[in-house]
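So the chains spell out like this:
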Amino acid sequence: MSEIPSTLFTETPHWRWLIVFYFFLGGIAGGAYVIAALIDLFGPLRFRPLARLGYLVAFPLVVICGFLLTVDLGRPERFWHMLFASETLRPIIKWWSPMSVGAWALLVFGFFSLLSFLAVLTEDGRLRRWPALARLRPAGILGTIVVILGGLLGLFIAGYTGVLLAVTNRPIWADTHLLGLLFVISGASTAAALLMLLARRRPVVDAEGLHSLERFDSSMLVLELLALLALIISLGGMARLWLNAWGVLLFLGVVVLGIIVPLLLYRRPRAGGLATAGAAVLVLLGGFLLRVVIILSTERV
Amino acid sequence: MAEPMGFFTDTTVCIGCKACEVACKEWNQLPAANGGVNTLSGDSYDNTRRLDGLHWRHVKFVEQFPTDRTGGRWLLMSDVCKHCVQAGCLEVCPTGAIIRTEFDTVVIQSDVCNGCRDCIGACPFGVIDINPVSGTAQKCTLCYDRLQVGLEPACSKACPTDSINFGTITDLRKRAEARVGQLRAQGENRAHLYGADDKMLGGLNSFFLLVDRPEVYGLPPDPKMPSRNLKPSSWMTVLGGVLVGLAGLVSFRTRGSRP
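First to last, the protein sequences are chains R and E. Using our numbering, the first residue of the first sequence is number 1, and each one after it goes up by one. Using our numbering, the first residue of the second sequence is number 1001, and each one after it goes up by one.
This is chain E alone, in the form it adopts within the complex:
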């Protein structure tokens, strides 16, 4: 097995150019949404809106402006599949379409997926959705095909500011820590890493440097595995079955008379 690979996305240097989105679409041959007809979101300069089956990279625009426009700031973040070490999507997939690769990334095999969509609701980050062209669930593959021939993923290759960094997880974590230290030294005390250690879902192989709470960027503060509910829910269901059985016993056994 190769070394675990991933992304470190430093949101502080993202300029919102969306080159990553374009590079991703070009390399992965993802068609335009809505038949190529441009639709505007109407409430943001961002018109991609969200990650889905046709958008595997999405530069989020967090536009924080007071109504009188006196101050304000832009937070920009190129969002992507987190390639979780403990991946909820992979866990629930009934077909085995979702696999973990030799690079420790999570990939949906489009020729195996039958579009049951269990993974969409299981993903703690809302990353996956159906690609209407293939009828299957799709998301970032961390350019599995490029990795296999020694190339770096299309998005990080295209990123002009090195907001998206690609490399081994060990190396990326070191660089990320150094960057946090640098920002803090410059007085940006809110700088912190999201998903860089093992605490969040065993570690996100695609982690982020943020300068505000995760919720502000549309990231869940405490993502969990779907299977946390399996045992308690199952036992309660068994209890339901027992109650049904007992009620049947009482109702249908007519006063002990079995003619």
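So that you can see chain R by itself, here it is in the shape it has in the complex:
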């Protein structure tokens, strides 16, 4: 008789819907900032309105994320215990604990996304008090530094959640090394989809910019499909845990509706049309269902 996998003897941490939404929105927040930073750093000037949308989305989403995480705690009023030792008030950070590093990263990413958010508002003329804030966005040196650091933190926020799940002893989560990789890619993909939806019908956004976003999302979706395939292979025998309704949801919701159909829709020639919008909505749905399956399917194992 073969040995039963040791991850099956553990208890669920009861991370449920609040955490599903956090993983989803955190992925979009990080991804949106990364896309905005990439456009600001490497794209032509006429794509700038597109990048602007990324910064405008990232900060409010991070605030929502912090709220979701706090509410999810057993003792929400002690949320700051994540950052400071409650007795000595000294900062506490354990680099080997993704929960600890993640809490700090969310705080610092929140700070950088706030800087970029303020820079955009100042550029727009909606915030007139400190005109110097506009320099927090490229092409200046200061702006370049801000978006490079913020972009790296954005990647971290989109991906660390996968490492957080892996650094446990739970079935599926701890049985693969690819969740973080999958979440980074999916975060970038869902963020691109959201930006496409927001950019539609905005005349200031260059049609070519929208098209480049489509191209970017197409490559993300292909990578996501490959990563998901590799993940299932890496699970080996544990993939049997998905031979039920969860597997059906993963295949139909995430793979077919969330990846394959949008890829086909993106291939249609006219960017920004109804097909693009439909594809973007499906990508967001697929990204959400991916997190639903990964987090909730292990709940009753």
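Note that these hints are calculated values from the structure, not bench results. Please note that a few of the clues may not be correct.
[Claimed, not checked] Example chain E residues on the side facing chain R (calculated, C-beta under 7 Å, incomplete): (1) Val1013; (2) Gly1016; (3) Cys1017; (4) Ala1032; (5) Gly1035; (6) Thr1095; (7) Glu1215; (8) Pro1220; (9) Met1236; (10) Gly1241.
C-beta: ideal position from N, C-alpha, C; glycine also.
Using the hints, position chain E against chain R.
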């Protein structure tokens, strides 16, 4: 630092009386579950079912009976936190609520824990859970408060058959080895120790004598540290970040034209 202390639970003499469960609940002032309304498990004489935030000791009933009831046996095991020398819960705890005491035991400080529940998924044995009263993660403290004043833990004190033994790890290991030898001499060749040496998570300060495979008792055959996944998972995530960056570079840099 005091000498490392722990439990040696000899499952062969456990009679399933659950005195340890009761003593634990009384000393630690753990309330009844379900508001005191009795609920039956329905498929076992055991109605505690599992360790959680309100049950820090749990006498497991392994009831092995063939359908025709011709044979059968009871395996009884008083389960508890293993107080691992390399503790997964302590490793991931972001608040510093989980500490190692001077007795080499692992304790969750309830006034520090904020209920993030990372430790629940990190524990290789499924020992920890949320106590709904405090909203924090809780488990056996190996009666840290009693140890500090020279008393033995409530459960081992209450155990009528000495299935639960309390003492220094050095002493407990000697007694456990002797007991295994005794059982083997009597023909019980399956008798073996679970977690008594340093190989399993650096050693379990609460270890067990079993007479069947660990899985039969609901114990993982090969418990591991959660951090084993940290480096490989992180590097794969970095790879993901690089791929996103490269795709962005290719997609947004429009044919080298920067007006």
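Here is how each hint holds up against the structure:
1. Hint on Val1013 of chain E is violated. Least Cβ distance to chain R is approximately 24 Å, over the 7 Å limit.
2. For Gly1016 of chain E, the shortest C-beta to C-beta distance to chain R is roughly 21 Å, which exceeds 7 Å, and the interface hint is violated.
3. About 25 Å separates the beta-carbon of Cys1017 of chain E from the nearest beta-carbon of chain R, more than 7 Å, and the hint is not met.
4. Because the smallest distance between the Cβ of Ala1032 of chain E and any Cβ of chain R comes to about 20 Å, over 7 Å, the interface hint for this residue is violated.
5. Using the Cβ-Cβ criterion of 7 Å, the hint placing Gly1035 of chain E at the interface with chain R is not satisfied: the shortest such distance is roughly 19 Å.
6. About 4 Å separates the beta-carbon of Thr1095 of chain E from the nearest beta-carbon of chain R, less than 7 Å, and the hint is met.
7. Given hint, Glu1215 of chain E at the interface with chain R, holds; its Cβ is 5 Å from that chain's nearest Cβ, closer than 7 Å.
8. Residue-level restraint check for Pro1220 of chain E holds (minimum Cβ-Cβ distance to chain R is 4 Å; threshold 7 Å).
9. With a cut of 7 Å, the hint placing Met1236 of chain E at the interface with chain R holds, because the nearest CB-to-CB distance is about 4 Å.
10. Using the Cβ-Cβ criterion of 7 Å, the hint placing Gly1241 of chain E at the interface with chain R is satisfied: the shortest such distance is roughly 4 Å.
Of the numbered hints given earlier, the model fails hints 1, 2, 3, 4 and 5; all others are met.
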